[in-house]
Amino acid sequence: MNRMLIIGAGPVGLTMALELARFGVPVRLIDQGAHAAQTSRALVLWARTLELMDRVGCTADFLEHGLRAHGATVRSGSNILGTTCFDDLASAYNFALMLPQCDTERLLTEWLGRFGVTIERGIALDSFVDAGDHVEARLQHADGREETMLTPWLLGCDGAHSTVRHGIGVDFAGATENDDWLLADVRMEGHGSPPLDQVAIYLHPDGPFALFPMPGERVRVVGCIGRTDPAHPRAEPTLEQVQAMIDQRTGGGFRAVDPVWLANFRINERKVDDYRQGRVLLAGDAAHIHSPAGGQGMNTGMQDAINLAWKLALVVSGKVRPSLLDSYSTERSKVGEMVLRNATRLTHAANLANPLLQAARNHAIRLLLGFHGIRHAMGEMLAEIDIAYAGSPLSSGLHAGDRLPPEHYDGTPPGKDAPLFVLYATDQAKGDALAARYPTLLETRTRQPHDPQQLLIVRPDGYTGLVAQANDWAAAGAYLDQLTP
210 MNRMLIIGAG PVGLTMALEL ARFGVPVRLI DQGAHAAQTS RALVLWARTL
260 ELMDRVGCTA DFLEHGLRAH GATVRSGSNI LGTTCFDDLA SAYNFALMLP
310 QCDTERLLTE WLGRFGVTIE RGIALDSFVD AGDHVEARLQ HADGREETML
360 TPWLLGCDGA HSTVRHGIGV DFAGATENDD WLLADVRMEG HGSPPLDQVA
410 IYLHPDGPFA LFPMPGERVR VVGCIGRTDP AHPRAEPTLE QVQAMIDQRT
460 GGGFRAVDPV WLANFRINER KVDDYRQGRV LLAGDAAHIH SPAGGQGMNT
510 GMQDAINLAW KLALVVSGKV RPSLLDSYST ERSKVGEMVL RNATRLTHAA
560 NLANPLLQAA RNHAIRLLLG FHGIRHAMGE MLAEIDIAYA GSPLSSGLHA
610 GDRLPPEHYD GTPPGKDAPL FVLYATDQAK GDALAARYPT LLETRTRQPH
660 DPQQLLIVRP DGYTGLVAQA NDWAAAGAYL DQLTP
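In the numbering used here, the protein residues as written are 210 to 694.
Any given hint could turn out to be false.
Simulated pairs of lysine-lysine, DSSO-like, Cα-Cα distance not exceeding 30 angstroms [claimed, not checked]:
# : residue 1 : residue 2
1 : Lys528    : Lys543
2 : Lys639    : Lys625
3 : Lys528    : Lys625
4 : Lys528    : Lys639
5 : Lys480    : Lys543
6 : Lys625    : Lys543
Derived by calculation from the structure, the hints in this document are not laboratory data.
Please construct the entire structure, taking both the sequences and the accompanying hints into account.
Written out as structure tokens, the structure reads:
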């Protein structure tokens, strides 16, 4: 009865289980698939995800197996319209880490095993009932055996076709785009291909086309094929079709060989309004799906899990009020809306059909990407280091909810060893006295990371919760009082 039940062992479910397990929360992770993912799927790990995973200690493994892409070029044929560089991102991870999803899942699974948790495969969620103080879940095993499990919280990390989402009956509002897209993981031969540490985006009159570098000198090819015809579904693409698209949309000069994955896909753009209903919570694609433009889907889902896990750990331990969980949907739904909106805009801009609009778009890209400030802002948006929770019930004070840059941490990252809030203040004695009042919720640090006239309380996920004047101990006490039972 005390184990959290997590449905879905993709990157989001694995991150959820890993975060909860390292905080000492018992978990059970099930997946109806008999095997882990074998294809590359989501490719990019961005800076903010890597920063947050530092708390587990597994980021070094990601770096060892991934490829660092340092920027992107936007092209029209052989002409470069503009570039963006990730090297000046305000993060130790100033690059896009290209790592196939199957490898991300493998590494997360290995780390989860260090906490004694294994994935139970071949088990599907059949149905569930929220009983108010627990959830009763009916599980179906691959051998036909049925099982009933009682869990305090049901966590739906089961993707776009989520059984959990269907079970709570929430609307997955949005639409399916009307185009078919081609995907291929290949090697490239020839000297005309873009550098293997850059993303190359081609804006062609017939549709956008992109090349994403991968480890092992492979490349992910993605291109819009054309309008969907429901009466005549397209067959899986061939290597010859991939090569024809390369020649047409890039100007050629290089050849695709040795394909390991060829597929067609369509883009769905959908989102639920509320990520929580009672004791049932959604994360990742179960709550939001969108265009792969920007490569933020998996990252956003993993950050959903990190946001929820520390809150759930504090709630189940009785250290904070259950109402803390209300902030999860408030915070992450706004992030989901932003990512969905940005990805949709990027896709629609790349896929313009009118020649006059295409010319205007290309001119605007050339102009805008000529400004360093715009290139920098685009990099921060993609890397998700600009995410903030200004409107959250957990944010109090000017700039509260902002990310505290990791270089300002004093000692270990917030939340590395326990889901504790961290107090940064100049008066050590008063800080220690306040921490003594909340010994299971607060720890103090001696160095002031920002303005010495400020008092900061930083959340376990490294975002500022309270920003107050240095001597405003009443505000600090009131902030912590609102959290405690």
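Below or equal to 30 angstroms on CA atoms is what counts here, so check Lys528 against Lys625. At roughly 18 angstroms apart (the allowed maximum being 30 angstroms), Lys625 and Lys528 satisfy the hint.
Given pair status - Lys543, Lys528, alpha carbons within 30 angstroms: 26 angstroms, holds
Can the restraint linking Lys528 and Lys639 be considered satisfied, given a maximum Cα separation of 30 angstroms? 22 angstroms, holds
Quickly compare the C-alpha distance for Lys639 and Lys625 to 30 angstroms and report which way the hint goes. 24 angstroms, holds
Is the Cα-Cα distance between Lys625 and Lys543 30 angstroms or less? 26 angstroms, holds
What's the verdict on Lys480 and Lys543, does the C-alpha distance respect the 30 angstroms limit or exceed it? 11 angstroms, holds
The earlier numbered hints are all upheld by this structure, with none contradicted.
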